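As you go down the protein sequences, you meet chains D and F in turn.
Reminder that position 73 of the first sequence reads as 73 in this note's numbering, one-by-one numbering, no gaps.
Reminder that position 105 of the second sequence reads as 105 in this note's numbering, one-by-one numbering, no gaps.
Calculated from the structure, these hints are not laboratory results.
It should be emphasised that the depicted structure is a prediction, and the values quoted were computed from it without experimental measurement.
Just so you know, not all the hints are guaranteed correct.
What the hints assert, rightly or not - With a Cα cut of at most 30 Å, we get these calculated DSS-like pairs of lysine-lysine: (1) Lys-68(F) - Lys-44(D); (2) Lys-44(D) - Lys-1(F); (3) Lys-44(D) - Lys-99(F); (4) Lys-99(F) - Lys-9(D); (5) Lys-44(D) - Lys-14(D); (6) Lys-44(D) - Lys-9(D); (7) Lys-14(D) - Lys-1(F); (8) Lys-57(D) - Lys-68(F); (9) Lys-1(F) - Lys-42(F); (10) Lys-42(F) - Lys-9(D); (11) Lys-99(F) - Lys-68(F); (12) Lys-9(D) - Lys-68(F); (13) Lys-1(F) - Lys-57(D); (14) Lys-57(D) - Lys-99(F); (15) Lys-57(D) - Lys-42(F).
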Amino acid sequence: NAGVTQTPKFRILKIGQSMTLQCTQDMNHNYMYWYRQDPGMGLKLIYYSVGAGITDKGEVPNGYNVSRSTTEDFPLRLELAAPSQTSVYFCASRPWTSGSHEQFFGPGTRLTVL
Amino acid sequence: KQEVTQIPAALSVPEGENLVLNCSFTDSAIYNLQWFRQDPGKGLTSLLLIQSSQREQTSGRLNASLDKSSGRSTLYIAASQPGDSATYLCAVEPPNDYKLSFGAGTTVTVRA
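This is chain F alone, in the form it adopts within the complex (with noise of 0.2 Å):
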């Protein structure tokens, strides 16, 4: 069975600082990896998802990484601002399945 784990479970930083979010996973055999934002209250917004064939991607000031092999995804934030404060959650998907795995998030606070 597949375990997605996020460490820490909280991080505070202040604005500007680069965030580093690191999710790891059990079974190397995945599909693909997907990074979401979740905001108090709220429902959960896709950042970024990467294809097993792929190391990294990029949106703006987010970019996520994978190491199949070693079983660890991380997700860099730079120059951070307030508005980024949420909880980050990483999802895996496994081949020839439909569901996704999650991790319990990184909840993160950006300090003005």
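Isolated chain D (complex conformation) (with noise of 0.2 Å):
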């Protein structure tokens, strides 16, 4: 199993900007999640998905947009970049059980927003 993996790894965006980041995971695991981390801060949620379908707000959802069409994938859409959106990007899984809801999380993608 690769896991939860993301692309790119790194990018530089210039202010107005779109752009997509990717996460797939290959577990079959309902819950995903994306976050973002602010040097000396913990993760922030900013949007979850229970299942392909079904996408909700986490804690700082505006400027981006996510979908999940499959089990598989939950791409993260940020439009119109801003410096603010300056950030390390983590995507998570957790499988769909009434036992441990252990997260698993991809490695990250730096985005800078110049």
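Dock chain one against chain two, each of which comes alone in its own frame, and use the hints as you go.
Right, here's the structure in full:
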């Protein structure tokens, strides 16, 4: 299993540009999440999904959009990039289970908006 | 709203010393608490997960305790090694929810 994979690893955007961060998991997990991590801060939840076709906002959704057309993929779309979106973005997943709710994380995408 | 705090923000110890990392949370109604390790420029790796009904979990040199009533968890790392240098984050999951609330982490440096 590759686990949770994210592309790209690094990206520099100009203000106003758009891009999609890709996230794929091969563990057949129902739940998927997008977080951002700013320097010296904990992770903040942007969006999450409990299954294909179902998404919901997290703590900091403004400026982002998501879709979940398959169980495996959960792309994050940035429209009109702003310097405040400079951050490290992590995708995570976990199975639907009544037991352990351990989350598995991807390696992250480091985004700089100039 | 659940607030998760980790103090201190940074810690430096000589090799061989035991590490004690603290995590506190404001709402004791949790489903589980998870400890993660993050190496520089990398993603998060789950270390230990404690269910709300458990008091502690152990894995090798790592031991995590949970006291829900006081809103605290402690991660102990015995006989620290330079390879233990990393940032350690704790996160709590509420019952009937799918989302984690994270602390800002404690950055540990183990000096050889």
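To see whether the hints hold, each was checked on the structure:
no.: 1; hint: Lys-68(F) - Lys-44(D); in the structure: holds (23 Å)
no.: 2; hint: Lys-44(D) - Lys-1(F); in the structure: holds (13 Å)
no.: 3; hint: Lys-44(D) - Lys-99(F); in the structure: holds (10 Å)
no.: 4; hint: Lys-99(F) - Lys-9(D); in the structure: holds (24 Å)
no.: 5; hint: Lys-44(D) - Lys-14(D); in the structure: holds (23 Å)
no.: 6; hint: Lys-44(D) - Lys-9(D); in the structure: holds (19 Å)
no.: 7; hint: Lys-14(D) - Lys-1(F); in the structure: violated (35 Å)
no.: 8; hint: Lys-57(D) - Lys-68(F); in the structure: holds (28 Å)
no.: 9; hint: Lys-1(F) - Lys-42(F); in the structure: holds (28 Å)
no.: 10; hint: Lys-42(F) - Lys-9(D); in the structure: holds (10 Å)
no.: 11; hint: Lys-99(F) - Lys-68(F); in the structure: holds (18 Å)
no.: 12; hint: Lys-9(D) - Lys-68(F); in the structure: violated (38 Å)
no.: 13; hint: Lys-1(F) - Lys-57(D); in the structure: holds (16 Å)
no.: 14; hint: Lys-57(D) - Lys-99(F); in the structure: holds (11 Å)
no.: 15; hint: Lys-57(D) - Lys-42(F); in the structure: holds (25 Å)
In this structure, the earlier hints numbered 7, 12 are contradicted, and the remaining ones agree with it.
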